[in-house]
Amino acid sequence: MGNGRILLYPLSLIYGLVTVIRNFLYNTGILPSVEFRLPVICVGNITVGGTGKTPHAEYLAGLLRENFKVAVLSRGYKRTSSGFRVVTTSSTVAESGDEPLQISRKYPDVLVAVDRNRVKGVRRIMELHPETEVIILDDAFQHRRITPGFSILLSDFNRPVISDHMLPYGNLRESISNMRRADIILITKSPVNINPIQRRLIVKEINKAPYQNLYFTSIKYNPPVPLFDRKESSGPIPDLKKLNGTGVVLITGIANPIPLKEYLQETAGEIIHLRYPDHYTFREKDLNAVYNAFDQLKTALKFVLTTEKDSVRLKEFTNIADPIRSAFYYIPVGICFLNDDTAEFNKLIIEYVRKNKRNNRVSEI
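First residue of the sequence shown? That's 1433 in this note's numbering, and the numbers climb one at a time after it.
Worth flagging that the hints you see were computed from the coordinates, not collected in a lab.
Note that this is a predicted model, so its numbers are computed, not measured.
Glycine included, C-beta positions come from ideal geometry on N, C-alpha and C.
A few of these clues could be false.
Stated by the list, open to error - Derived lysine-lysine pairs resembling PhoX-like cross-links, with alpha carbons at most 25 Å apart:
1) K1674 x K1652
2) K1717 x K1652
3) K1485 x K1652
4) K1552 x K1501
5) K1538 x K1485
6) K1640 x K1485
7) K1501 x K1693
8) K1552 x K1789
9) K1510 x K1747
10) K1485 x K1552
11) K1779 x K1789
12) K1674 x K1693
13) K1717 x K1673
To be verified - Computed beta-carbon distance windows for the label pairs:
14) S1607 x K1538: 29 to 37 Å
15) D1772 x Y1643: 19 to 27 Å
16) T1512 x R1454: 27 to 35 Å
17) T1731 x K1789: 52 to 60 Å
18) P1442 x D1773: 37 to 45 Å
19) V1551 x V1452: 22 to 30 Å
20) K1717 x N1590: 31 to 39 Å
21) S1607 x P1668: 48 to 56 Å
22) T1512 x E1716: 37 to 45 Å
Could you build the full structure based on these sequences and the hints that come with them?
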C-alpha cells in the first residue's frame, strides 16, 4: 500500500477502539436495545461496499411472502425525504432511496418502509400495519438499538474479512469477532464451481461458533427486462448467454460492477462500460454519454444494459428516445445456494418465524 494509505492506519486504531467501546456498552446493557415481540430478521455485514445485501433481503422477502405478512425496513440511503415513509411502486428514488424502491417494485405485496431510526420505523410499521408477521431489517447489523431475533451476516467471497482492517485503513465497520452475533453467515458472490479445498479453508478461517450455520451463495443473473414498457421495446430481446458478438453499453452505479462486466464479456462482441459510483444520481449529461457510447458501437445489433438497482434511477428519465429507448434493458439479480443448501437455509428461516409469531408488543432490554 502507498504511504498515503498507511497514514490512515492510526485512524483505524481509534475507530476500532470506538466500536469496541460501543459494542461493550450494548452488550452489557449500559446502552439500551429494543427487542420486538414479533420475528425480526437482520441482514447486514461488517464491511463497507457491496456484499449483496439487497438480493439476499429480496430472497428472504420472496421466501416468506408465500406464508407470512412481510415487511422490509431500510434506512433509505441517499433519499432526500426524512422520517418514516412507506415505499410504493410509484415512489421516487428521492423519496425512498434506490434499493427500497427496487424491492417494492419486485414484490408489490410486501410492505417496504424507510426510516433512519429503525426502532421508530418498526414501531410505525406495527402501528400502521398490525397484520405484519415478520420484519426484515436491511443493512442493520451495526444498528444495535434493535436486538433482532435472527441475524444473517454477509461476507464477500472475493474480499476475505480475515485479512481486512478497520476503517478507514481497511473496509471493516467493526471487529471480525462480532461476527459471533450472527445466527447465519453467508459467503456471498462465491464462484459456482468453488472447489472443496477453498470451501474448507474459508470455513476454517471464519471459525464459526457451534450455534452458527455457514452457507455459500452465488450471484445469478436473470433474463434482461425492458427498462420501459415492452410495447415501446419492439426490437429483439438480449440473451445474456448468447449475445453472439452483440455490442453492449453497460451502465453501472454499484459498488462492484466487475463480476457483471466479466459475465457479459464471455459472449458480447464489444462492451463500452460507463461506470459510476455506488448509488449515483444520474443527470442529463450522463444520458449524453450513453447516446455517444451507443453510436460508437460498431456491431449491427446493440443494447444498453444496466443493473436492477440502477434501473430504478434511470427509469425516471422519461425523455429517453429511440433507438436507445427500445434497446434499454436491466438485468435482475438473484442468488442461489451452493452445495444443495437451499432447503436447509429456507427451513431455518421459516421455522424461526413460525416459532416466534406473537402479539406485536414491545419490551425494552
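Each hint, compared with the structure:
no.	hint	verdict
1	K1674 x K1652	holds (16 Å)
2	K1717 x K1652	violated (32 Å)
3	K1485 x K1652	holds (14 Å)
4	K1552 x K1501	holds (19 Å)
5	K1538 x K1485	holds (15 Å)
6	K1640 x K1485	holds (20 Å)
7	K1501 x K1693	violated (37 Å)
8	K1552 x K1789	holds (20 Å)
9	K1510 x K1747	holds (17 Å)
10	K1485 x K1552	holds (22 Å)
11	K1779 x K1789	holds (16 Å)
12	K1674 x K1693	holds (15 Å)
13	K1717 x K1673	violated (31 Å)
14	S1607 x K1538: 29 to 37 Å	holds (34 Å)
15	D1772 x Y1643: 19 to 27 Å	holds (22 Å)
16	T1512 x R1454: 27 to 35 Å	holds (28 Å)
17	T1731 x K1789: 52 to 60 Å	holds (54 Å)
18	P1442 x D1773: 37 to 45 Å	holds (42 Å)
19	V1551 x V1452: 22 to 30 Å	holds (23 Å)
20	K1717 x N1590: 31 to 39 Å	holds (32 Å)
21	S1607 x P1668: 48 to 56 Å	holds (51 Å)
22	T1512 x E1716: 37 to 45 Å	violated (18 Å)
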